[in-house]
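Asker: Residue numbers (my numbering), protein chains in the order written: chain R, 1 to 414; chain S, 415 to 710; chain C, 711 to 1073.
The set of hints was computed from the structure by calculation and includes no laboratory data. Just so it is clear, CB atoms sit at the ideal spot from N, CA and C, and this is done for glycine as well. Among the clues, some could well be false.
[Said to hold, decoys possible] According to the in silico footprint, chain S covers these stretches of chain C (three or more CB under 8 Å from chain S): (1) 856 to 864; (2) 869 to 879; (3) 992 to 1005; (4) 1020 to 1033.
[As the list claims (entries may be wrong)] Distance condition first, Cα-Cα at most 25 Å in a straight line; then the derived SDA-like pairs of lysine to any residue: (5) K104/R with A891/C; (6) K168/R with V202/R; (7) K277/R with P543/S.
[Stated by the list, open to error] Some chain S residues near chain R, calculated using beta-carbon distances under 7 Å: (8) I420; (9) N541; (10) N558; (11) P560; (12) Y562; (13) M633; (14) T634; (15) D638; (16) S674.
What follows is the residue order along each chain.
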Amino acid sequence: MKNPDRRQFMKVLGVAAGGLAAPTILGSRALRAEETIPVGILYSLTGTTAIVEKSMNQCALMAIAEINAKGGVLGKQLRPVIEDPASEPRTYSEKARKLTIEDKVPVIFGCYTTASRKAVLPVVERRSGLLVWPTWYEGEECSKSVLYAGSAVPNQQLENSIPWLKNKLGKNKLFIVGSDYAFPRGMAKTSKTLCAKIGMEVVGDEYLPLGHTEWASMVSKIGSSGADVIFSNVVGDSIVAFYRELRNQGYDFEKLPLCASTTTEVEVRAMGPEYAKGSYVSLPYFQTVDTPQNKAFVKAFKEFAGPDSVTHAAMEAVYTGVHMWAMAAAKAGDVSSKAVVGAVGGMSFDAPQGKVTIDSQNLHSFLTPRIGKARADGMFDIVDQYSEPLVPLPYSSVGETADKRVCKVSGAAL
Amino acid sequence: METFVIGLSIASILFIVALGLAIVYGTMKVINLAHGEMVMIGAYVTVLASKHLGLGIYSCLPLAFLVAALFGLAIERLVVRPLYGRLLDTLLATWGIALILQQLIRIHFGFGLFGIHIDGLGSDLQNVPVPPELQQTLHILGTNIPVYRAFVFGVAVVLGLVSWWLIYKTRFGSQLRAVSAARDITAACGVNDKRINALAFAYGSGLAGVAGVLVSGFMTVSPDMGAPYVIDAFMVVVAGGVGHLLGTVLSAGILGEVQSFVATWSNDVYGRTVLFAFVILILLFKPQGLFVSRNR
Amino acid sequence: MKERTITLAAYFLFFAVVFALPFALNSFWTNRIAVYLVYAICAVGISLSWGYAGILSLGQGLFFGIGAYMISMSLTLAMPDNNPVPQFMLLNMEPNAPRDLCCATPGSFLWQPFQYLSIGVLAGILVPCVIAAVLGYVMFKRRTSGVYVSIITLALALIGQMLIINNQPLTGGFNGLADLAPLSVGGIEFDPYGKSVYYLVAAALLVVVLLSRLIVSTRMGHVLKAVREDDARVRYLGYNVENYKLFIYCFSAAIAGIAGLLFAVTSEFASPSLMSTSFSISMVIWAALGGRSSLLGACIGALIVNFIGSVASENVMLQPVWPIVLGLMFVLVVLVMPEGIAGIAKGWIAKLRQPRSLKEVVQ
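Excised from the complex, chain R in its bound form (with noise of 0.2 Å):
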């Protein structure tokens, strides 16, 4: 029996301590209420995606003790300000309006599916708030009260892995499969552009419902469709079944390769690593990348949640989000959203996964994808991976190119 919790528990309490008697131990009044900053912390910790928001949830925590331990924002103290949307959307929405405008936050990190994000765009929105959306997710959007900080689109996951499955791997004639709702339909029609664009074949676009456990029928048609290799675009818990099931009726990720969008750490440990073992995914950060700033992150959060956790991809958007909007607030001076905002674009700030900056057109992120090719063990050797960020393209499933940008400082140019 681990205690993490009351560790982490400790962990925050003693930094939290430590820093409001810091000033008291060096001679200044001790900190009221309107010293601080109220931070709204919005991830599930009950409810179907609990399972992931939970590590997000305390990762927040861990980036915003690290902020208040160097000072904090504007020389005042973060409040982390905690709501439990329980993964319903109608729950989020009532959350985000409490903390936008009873508990008056500036901002709110939260946020796990696109659902979710979608039920609390109008309060933040319309009420002058901003949320900093950690997922990789199908794009389309170009909210001006929204900072996609490590949020990953289509284009930053497929353009680097369609064309090395086909150089690399040699493989022509692609399945691609998935959940059906917006991510992974957004995902397809990208993934068939550029298909187009190189020379490849899809030969399947299918898709099961949202949380669907019975995948032998779609492993049957995958293998009745003559593909050489797999994009999935399988979220959740459908994910265990179908890699299970693709071992079940005897597929080999040597002879029928997959490369999936949304299989992190998390998910290889749910379904067991020897399922996933061979497989690849296309993500821009993964706990083995090699930087300085991973090893410390890794090392930091192992001590904050328990030796056993694993840091996976959002978690380490969290991370960057959070420390980001504190460098956006402390450069322009205010922590209101239009001028966080304002400040943002085109800062960079040394993620674990590298040097991430914002477009400050459209207010994504800069990021260096990767591949990862899933070990015995539940981590990812990286095989190949870019030298430079690539540029965020919400709109590319509609033709947005670097030069021919949709999302404009005014909105979605359609």
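Since chain R is already given, all that's left is putting chains S and C on it; use the hints.
Answerer: Leaving out everything else, chains S and C in the frame of chain R:
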């Protein structure tokens, strides 16, 4: 052909879960919305047993049966029995129990509140190691049959036979059938119908627990995994008619195959939609179910 | 005091408090309580169909969701950047499709009438009513038993949810519709966080409660109560039980539709999660806690459960325990308080009105 095999294995899981529900519904006319949670409990027993006791899937089958049966007994005694005769209220109360069970797993049965984590519980996804002999694929007559699915089918057949023997060849079974058909007269004849209720409920829950073990071998184990099972199982039960075991078998078989074929030919989402629509039609036009029992 | 006077006083007190509250609340709480009142409207519908007619619908979420979607379609089109075609459709359509509602995506022509707000509102009330009428006709004419009715309504809500999620180019899919303009009628803009929306909802609740009360106190109400007890007997007495049930079922579906409309106005989005099983079942619990046969009780039940739920989930200590408390509430209400809070209140009032003890009377 492969579609047919897949349909059989979908049907097997459906059958085991539905059988438990059918026995309970047949005897007591109670819809137990916590039945899906019995599947979840069976799965978690497997997770915990494999992590802490080193037991494999085979040993977990009887263990999960027992644990789930005990939970069933507790639910019957505490919630179902006081509400006897009030079917709609039982439905709501068992839903409440389902909510409680799900959250208990998330907070490690209460220990989580004090910072104590039990490995295998909590909101995280769990997985269960499958013995290597079950991970193979057989190649028979040109079709690929995964051994695990054949195993599931085998367990379903065994459980079906055991249940058949229990219901039709034992004294307990004849008492059970008597209580289902005419409760008051049976009680007047000296049969302890309350005990029969409790045992039926326990047996039904135990079956769901076994299904949970089987399911954990190819799916993630999480606190919310149980909910879809009770709805699907109930569809099987009402479609098949509650009087006869064979009805449940055939109905599970048909619904499993329908789902598999629709999934292969078109989108799987429509598979479930068609299934539900089909069941609604059955409920409306043939409320006794497709296979009316001969004993009425 | 006659019982009727007490009931009248209770209603008056309740609505007096409801209408006076905004003056004591800030904009956040005004909006929050407005959402609770929306839930209360829904609960009244359930109380009507379950408490009075014995129809336990576990799929009210379907009608609620339809109401929310209908008005959301109009509100989506009211946003300038969603014309001529909503943004989500632009992102889902084939590259060569025309940018016109008639043919942008499969079925997009269904959006055309919703360019008028009145269509959105009317559809939100009538479409649930029509669906309930069709389903109810078949169910009640065939004398489907109570438990099966519940399962059928549950399955129908699930089907509705699946159809919405699976038709992303038409409905926005899993993400729902979130790019909505604020409600604007005749030049008055209804701010979700302002008193205007609150009073809109409160007025709707008042109207719904009055109408329901009216129905219940007519002969129909008495027939329905008899039906709830023993419908065979009522049939023998010559009443056409099915028609009464059908009427109530449609009416409660329309009420749920109205609640859904107002939900979209207060919460500014519509999503398939509104049609989920757990949401539908929680609606039943609101009515059960308050008192399934009491309209006012159902309102109060909805307000209490949601209020406690919000407050408990915002408390760090109670967060992990709240779902257990909710589950226990289900169980205990049904086991121990079948008539809900209203039942308990009625019990107290009856005791107060009893004559003095026999000893005193005799002496």
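Asker: Now look at each hint and say whether the structure bears it out.
Answerer: Consistency of the hints with the structure:
no. : hint               : result
1   : 856 to 864         : holds (count 7)
2   : 869 to 879         : holds (count 5)
3   : 992 to 1005        : holds (count 3)
4   : 1020 to 1033       : holds (count 3)
5   : K104/R with A891/C : holds, 23 Å
6   : K168/R with V202/R : holds, 18 Å
7   : K277/R with P543/S : holds, 15 Å
8   : I420               : holds, 4 Å
9   : N541               : holds, 5 Å
10  : N558               : holds, 6 Å
11  : P560               : holds, 4 Å
12  : Y562               : holds, 5 Å
13  : M633               : holds, 5 Å
14  : T634               : holds, 4 Å
15  : D638               : holds, 5 Å
16  : S674               : holds, 6 Å
In summary, the structure agrees with every hint in the numbered list given earlier.
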